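The whole structure should be built from the sequences, with the hints applied where relevant.
Here is what each chain is made of, one letter per residue.
2 protein chains.
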Amino acid sequence: MAITLYDLCGRDERLRFSPYCWRVRMTLAHKGLEVTTVAWRFQEKEALAFADYDKVPVLTDGDNVVTDSFDIMRYLDRAYPDAPVVGEGMSLQRLMLFKQSVERSITPALFKIVALDLLAAIHPEDRDYFRKTREARFGATLEAVNDPEQGRHLLKQALVPVNAQLKESPFLDGDTPSGADYLLFGSMMWAYTVSTETLVDEKDPVAAWFKRMLEVHDSVAGKAVTVRDL
Amino acid sequence: MAITLYDLCGRDERLRFSPYCWRVRMTLAHKGLEVTTVAWRFQEKEALAFADYDKVPVLTDGDNVVTDSFDIMRYLDRAYPDAPVVGEGMSLQRLMLFKQSVERSITPALFKIVALDLLAAIHPEDRDYFRKTREARFGATLEAVNDPEQGRHLLKQALVPVNAQLKESPFLDGDTPSGADYLLFGSMMWAYTVSTETLVDEKDPVAAWFKRMLEVHDSVAGKAVTVRDL
Chain A
1 MAITLYDLCG RDERLRFSPY CWRVRMTLAH KGLEVTTVAW RFQEKEALAF ADYDKVPVLT
61 DGDNVVTDSF DIMRYLDRAY PDAPVVGEGM SLQRLMLFKQ SVERSITPAL FKIVALDLLA
121 AIHPEDRDYF RKTREARFGA TLEAVNDPEQ GRHLLKQALV PVNAQLKESP FLDGDTPSGA
181 DYLLFGSMMW AYTVSTETLV DEKDPVAAWF KRMLEVHDSV AGKAVTVRDL
Chain B
1 MAITLYDLCG RDERLRFSPY CWRVRMTLAH KGLEVTTVAW RFQEKEALAF ADYDKVPVLT
61 DGDNVVTDSF DIMRYLDRAY PDAPVVGEGM SLQRLMLFKQ SVERSITPAL FKIVALDLLA
121 AIHPEDRDYF RKTREARFGA TLEAVNDPEQ GRHLLKQALV PVNAQLKESP FLDGDTPSGA
181 DYLLFGSMMW AYTVSTETLV DEKDPVAAWF KRMLEVHDSV AGKAVTVRDL
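For the record, the sequence lines run as chains A and B. First residue of the first sequence? That's 1 in the UniProt record's numbering, and the numbers climb one at a time after it. First residue of the second sequence? That's 1 in the UniProt record's numbering, and the numbers climb one at a time after it.
Hints are computed from structural coordinates only; laboratory data are not their basis. Take these hints with a grain of salt, some might be off.
Because identical chains cannot be distinguished in the list, a pair is counted as satisfied if it fits within a single copy or across any two copies.
What the hints assert, rightly or not - Each computed DSSO-like pair below joins lysine-lysine, with the alpha-carbon atoms no more than 27 angstroms apart:
1) LYS156 - LYS112
2) LYS167 - LYS211
3) LYS45 - LYS203
4) LYS167 - LYS55
5) LYS132 - LYS223
6) LYS31 - LYS203
7) LYS31 - LYS223
Keep in mind it's a predicted model, so treat the numbers as computed, not measured.
Here's what the structure looks like:
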């Protein structure tokens with residue numbers, strides 16, 4: 001069946017930076033599934049009306065329509081059970097715990113590093129929308145949130161367990177990457193795509209891991225267009 | 001086969017507070033295994049010579065001698081495979097990642113809350129040894145490390161993913177507790193056993209979880225002697 005992914009794009013249609021879409025892209029690559037991506041911008045709500053949803057990722061697989069990045073990962077595990085990325089039982093529970101860490105500690109720290117670069121990477125017609133919605137969420141201006149030095153400090157703290165674990169195994173999920181790696185990578189790829197700011201110390205294990213992640217699955221992420229290419 | 005656990009004790013032989021021993025106690029209870037504990041004090045190295053090890057927990061199970069809390073948990077999963085606590089593959093990897101968080105972020109924050117209470121809970125003859133070894137490890141006096149208010153702030157930060165996850169499921173590992181719960185509980189039980197300091201906000205999900213954990217497995221932890229009883 002043909003798989004389509006509605007994928008957030010920026011000021012250049014090739015610039016794809018959503019952390020949630022990257023989780024799904026990596027999961028599809030992990031399972032060797034072909035995908036056609038549809039570039040989507042923040043305000044194109046009507047394009048997603050068929051899914052009864054208002055943001056990406058939205059995935060269609062034949063007649064199936066699935067929304068929410070983690071639900072899509074779980075759907076792909078059910079529909080294509082070889083090489084599971086999420087798992088079941090304790091494996092799933094422990095991934096959900098790490099997902100909380102990615103979304104509540106790691107991603108907010110990354111946001112502080114790249115907030116203004118992210119704004120600049122967004123399509124000019126979407127910037128007012130982005131600023132308004134995010135500033136309402138944070139209760140602060142993007143300029144006040146943007147603080148790369150403090151962001152790097154918070155990120156380093158949040159990545160203490162990750163750096164320790166990456167001394168024990170090349171990927172978070174073991175000898176090869178899987179769901180835990182894709183959750184973290186999605187957020188780091190988001191920041192890397194829109195910004196040339198330093199995210200982590202070169203000597204931290206997570207820096208070498210990120211380079212490995214750019215190369216896995218035929219460099220699906222490494223080949224992606226970033227602000228460096230524009 | 002008879003199982004014996006060498007278990008750290010304090011100024012009262014009934015005061016058992018090692019976070020690493022508590023992980024093992026909970027794992028044994030999880031599997032419905034009877035255990036005889038042997039009270040052990042920090043400097044009784046010769047009592048562990050048979051294990052070629054110098055700290056607890058040490059577990060003997062018939063002729064088997066196993067050291068290191070996590071290795072003991074893995075041993076118990078292999079020897080008594082019903083109701084696994086650690087799991088295998090991605091499940092194991094993700095538990096190892098959470099273990100890093102418990103040992104590198106959560107436990108150090110707890111230590112700042114209870115450092116001086118912990119010293120007072122230790123047997124008088126062991127206090128010099130404890131102070132010397134810990135102060136060398138931290139490069140600071142126990143009095144300088146002890147800062148309950150800062151500790152609670154760091155703990156709250158480190159528990160952000162845990163509190164979020166405990167809104168989704170009653171235990172970290174799902175509907176019933178397992179390895180992830182025992183790792184976190186071991187450290188919180190350690191602090192709770194030696195100190196009456198407030199550890200977490202009563203309204204945080206982790207507070208209700210801790211009470212549930214005191215009650216599981218026939219209240220093996222809830223019945224334990226703490227400084228409140230002495």
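Results of checking the hints against the structure:
1. With identical chains, the CA atoms of LYS156 and LYS112 are at most 27 angstroms apart both within one copy (13 angstroms) and between copies (20 angstroms).
2. Within a single copy, LYS167 and LYS211 get their C-alpha atoms as close as 15 angstroms, which meets the 27 angstroms cut-off; across copies the closest is 35 angstroms, which misses it.
3. In the homo-oligomer, the alpha carbons of LYS45 and LYS203 never lie at most 27 angstroms apart, since the shortest distance is 42 angstroms inside one protomer and 38 angstroms across protomers.
4. Proximity of LYS167 to LYS55 under the C-alpha cut-off of 27 angstroms is restricted to the inter-copy arrangement: shortest distance 24 angstroms between copies versus 37 angstroms within a copy.
5. Taking the closest pair of Cα atoms, LYS132 and LYS223 never come within 27 angstroms of each other, the shortest separation being 32 angstroms inside a single copy and 54 angstroms across copies.
6. In this assembly of identical chains, the alpha carbons of LYS31 and LYS203 never lie at most 27 angstroms apart, being 31 angstroms within a copy and 42 angstroms across copies at closest.
7. When the C-alpha separation of LYS31 and LYS223 is checked against a cutoff of 27 angstroms, the pair qualifies only within one copy, where the shortest distance is 18 angstroms, while the shortest distance between copies is 49 angstroms.
Violation of the numbered hints given earlier is confined to hints 3, 5 and 6; the remaining hints are satisfied by the structure.
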